[in-house]
Amino acid sequence: MKIIGITACPTGIAHTYMSAEKLEVTAKSLGHEAKFETQGAKIENKLTTAEIEEADAIILAVDKDIDTSRFAGRKIKRVSTSRAIKEPEKVIEEALENIGTTEISLDKKKNGQEQKSGIYNHFMNGVNYMLPFVIAGGIIIALSFAFGITASDPKSDDYNALAGALSTIGGGTAFAMMVPALGAGIASSIAGKAGFAPGIVAGLLAANGGSGFLGGMIGGLLAGYMTDLLANKINVKQQLAAIYQLIVVPLVSILVIGLAMVFLIDKPIAWVLDALTSWLNGLGNTSGLMFGLLIGVMMAADMGGPINKSISTFSIGLMSAGVNAPIAACMAAGMTPPLGLALATILFKNKFTKEERTSGQSCWILGASYITEGAIPFAVADPIRVIPSLMLGSATAAGISMAAGVTSMAPHGGIWVMLIPNVMNNLPMYLLAIVAGTLVTAIAVGLLKKPVTVDDNKMINEVEM
Amino acid sequence: MKLVDLMMNDLIIFDDSIRSKDELFEKLGHILEEKNRVTKAKKIIKDLYRREAETSTGIEAGFGIPHAKSKAVLQPTICFVHTGKMSDYVGLDGEKIEWVFAILVPQKTSDIHLEILSNLSRKLMNESFRDQLKHADNGIEVLEIMSKEESS
Numbered sequence: 001m002k003i004i005g006i007t008a009c010p011t012g013i014a015h016t017y018m019s020a021e022k023l024e025v026t027a028k029s030l031g032h033e034a035k036f037e038t039q040g041a042k043i044e045n046k047l048t049t050a051e052i053e054e055a056d057a058i059i060l061a062v063d064k065d066i067d068t069s070r071f072a073g074r075k076i077k078r079v080s081t082s083r084a085i086k087e088p089e090k091v092i093e094e095a096l097e098n099i100g101t102t103e104i105s106l107d108k109k110k111n112g113q114e115q116k117s118g119i120y121n122h123f124m125n126g127v128n129y130m131l132p133f134v135i136a137g138g139i140i141i142a143l144s145f146a147f148g149i150t151a152s153d154p155k156s157d158d159y160n161a162l163a164g165a166l167s168t169i170g171g172g173t174a175f176a177m178m179v180p181a182l183g184a185g186i187a188s189s190i191a192g193k194a195g196f197a198p199g200i201v202a203g204l205l206a207a208n209g210g211s212g213f214l215g216g217m218i219g220g221l222l223a224g225y226m227t228d229l230l231a232n233k234i235n236v237k238q239q240l241a242a243i244y245q246l247i248v249v250p251l252v253s254i255l256v257i258g259l260a261m262v263f264l265i266d267k268p269i270a271w272v273l274d275a276l277t278s279w280l281n282g283l284g285n286t287s288g289l290m291f292g293l294l295i296g297v298m299m300a301a302d303m304g305g306p307i308n309k310s311i312s313t314f315s316i317g318l319m320s321a322g323v324n325a326p327i328a329a330c331m332a333a334g335m336t337p338p339l340g341l342a343l344a345t346i347l348f349k350n351k352f353t354k355e356e357r358t359s360g361q362s363c364w365i366l367g368a369s370y371i372t373e374g375a376i377p378f379a380v381a382d383p384i385r386v387i388p389s390l391m392l393g394s395a396t397a398a399g400i401s402m403a404a405g406v407t408s409m410a411p412h413g414g415i416w417v418m419l420i421p422n423v424m425n426n427l428p429m430y431l432l433a434i435v436a437g438t439l440v441t442a443i444a445v446g447l448l449k450k451p452v453t454v455d456d457n458k459m460i461n462e463v464e465m
Numbered sequence: 001m002k003l004v005d006l007m008m009n010d011l012i013i014f015d016d017s018i019r020s021k022d023e024l025f026e027k028l029g030h031i032l033e034e035k036n037r038v039t040k041a042k043k044i045i046k047d048l049y050r051r052e053a054e055t056s057t058g059i060e061a062g063f064g065i066p067h068a069k070s071k072a073v074l075q076p077t078i079c080f081v082h083t084g085k086m087s088d089y090v091g092l093d094g095e096k097i098e099w100v101f102a103i104l105v106p107q108k109t110s111d112i113h114l115e116i117l118s119n120l121s122r123k124l125m126n127e128s129f130r131d132q133l134k135h136a137d138n139g140i141e142v143l144e145i146m147s148k149e150e151s152s
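Chains as they are written, first to last, in this note's numbering: chain D, 1 to 465; chain C, 1 to 152.
None of these hints come from the bench; they were simulated from the model. For each residue, glycine too, the CB sits at the ideal point set by N, CA and C. Careful: at least some of the hints might be erroneous.
[Unchecked claim] List time: in silico DSSO-like cross-link candidates among lysine-lysine, alpha-carbon distance up to 30 Å:
| # | chain 1 | residue 1 | chain 2 | residue 2 |
| --- | --- | --- | --- | --- |
| 1 | D | Lys64 | C | Lys108 |
| 2 | D | Lys42 | C | Lys71 |
| 3 | C | Lys2 | D | Lys64 |
| 4 | C | Lys148 | D | Lys35 |
| 5 | C | Lys123 | D | Lys42 |
| 6 | D | Lys42 | C | Lys148 |
| 7 | C | Lys27 | C | Lys108 |
| 8 | D | Lys28 | D | Lys46 |
| 9 | C | Lys134 | D | Lys90 |
| 10 | C | Lys2 | D | Lys46 |
| 11 | D | Lys90 | C | Lys85 |
| 12 | D | Lys64 | C | Lys43 |
| 13 | D | Lys46 | C | Lys123 |
| 14 | C | Lys46 | D | Lys354 |
| 15 | C | Lys123 | D | Lys28 |
| 16 | D | Lys64 | C | Lys71 |
| 17 | D | Lys354 | C | Lys71 |
| 18 | C | Lys46 | C | Lys85 |
| 19 | D | Lys349 | C | Lys46 |
| 20 | D | Lys35 | C | Lys123 |
| 21 | D | Lys90 | C | Lys96 |
| 22 | C | Lys43 | D | Lys354 |
| 23 | C | Lys85 | C | Lys96 |
| 24 | C | Lys2 | D | Lys28 |
| 25 | D | Lys64 | C | Lys123 |
| 26 | D | Lys90 | C | Lys123 |
| 27 | C | Lys96 | D | Lys64 |
| 28 | D | Lys42 | C | Lys46 |
| 29 | D | Lys28 | C | Lys96 |
| 30 | C | Lys40 | D | Lys42 |
| 31 | C | Lys42 | D | Lys64 |
| 32 | C | Lys46 | D | Lys64 |
| 33 | C | Lys108 | D | Lys46 |
| 34 | D | Lys354 | C | Lys108 |
| 35 | D | Lys35 | C | Lys2 |
[What the hints assert, rightly or not] Derived Cβ-Cβ restraints for the label pairs, each shown as a range:
| # | chain 1 | residue 1 | chain 2 | residue 2 | range |
| --- | --- | --- | --- | --- | --- |
| 36 | C | Glu144 | D | Gly73 | 46 to 54 Å |
| 37 | D | Pro383 | C | Glu23 | 51 to 59 Å |
| 38 | D | Glu44 | C | Lys148 | 19 to 27 Å |
| 39 | D | Glu44 | C | Asp131 | 24 to 32 Å |
| 40 | C | Ser128 | D | Lys42 | 25 to 33 Å |
Let the hints inform the model, and build the full structure from the sequences given.
Spelled out as structure tokens, the structure:
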């Protein structure tokens, strides 16, 4: 029998080599062939693709997370280094007899973590791609606000070239890349490198088509699974493989996902947008608590998607008719999602990963600046629990704002315009609305979200001692 | 370079009054500071404990290899200590540790040193090498066993 594997421990000095030595010597004394790659201070004794293919059993004696993509489709026996040192015969026997082995699945080529709950990890990968755009873009937009809320507009009196540039960089470019990056991240998590191009195309189509980040999530998933099928599941003759991977896979995947986005997603979205707009136009009564609650729910439902867009466009439209209460409610409802999440990452530390807790702090700036997009990474990571919480908080904020009859002379800007005299007619009530919405959001998120398990950060099947 | 080059006769200790991990680390810290191998005994003791907290470094057949990669270490060093049976330091096989190779590596270190040290980890899996060390009763003997093992 041929037995291969990898050994690795956190310091990479001792247990990596002890377990490799023990497994090799034991395997050989039992009459097997053995080779163990050691991932210590550096990688030594590297396994070749041929060796992996020919192996009868694969043992990973690891105390840290390692890349297992090379073993896609193979069964592996994963143990701690200490167990490999303690009872190597038993580990080898179990590996050969398939006791307690796990299979590294084919389509999730990235690493061992991903075999656990596929979609969640694909979304997380999408979030990782998207997050830099959200954080940097959001803060850069907020910086441009500091010059005055209209300073980035060349037609405005207080136009400032630097503010204009900041707005182009942050809003026009970094934010425009947000949903494409999300699509690319999700698709490449599923299909590997081949998924990047169709994923980014799907995301861009979703952004331009108005379906926002939810469209980008769906597009990224579709693009990923389809490309995975094309690039990794279909076998082509050796002579044609190069041309197939280089031309056929990108062409077909981008064409199919593109058509799907345009006809199956964008069209219905445009229809939803139209329907919502005409429904809002027909509502007539645009004041009071009920309308405030509606504004809140719609603002937070899809953050930049059709529902959000229809209500904010409608409210801006009302401004020209001299009705300035709905836009104030919109702004409050758009500020609470990032603010509430920022608060939740502090109040409920165990419900968020370390990265989320860190990036949560940038949400204070984004939320205060009415940049609702700051909440999107959290929504993507756990849509079913996060989005309803955001809707609840935003409805609270918008409801209070409308019920108190707060009006705003500015359509955007958050804290940057709020504090300018005479922009808001009732600033104390407005601040109360935002604080209340923030609290409700944070508490709802805290109650609904599940604690982050250790497994999400690190997966080791057998850890002893 | 060889393992034996990282060892010194006066860093080979025979002291069967050591009966616990605490006493062992105290002794190691003290002697390493005295011989200018580490900046401060306290720091290196803390670093050894930190590694111990991850998983015990006790191996088997009474051998242990406490180790640390630390800023406090001035040069790569291996200490051999033959102690009494330590009550709170046991190997994977449940045996109380009596023979210790303490491995100290500076934070910024070359791969060569790590290779040498990993080499020691592998050698300790060899029973006859362990038996020879168990029967050594002075520093010179330990050094001889080490260099013989490495030249073979």
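Kindly indicate which numbered hints from before are broken by the structure, ordering the numbers from low to high.
No numbers; nothing is violated.
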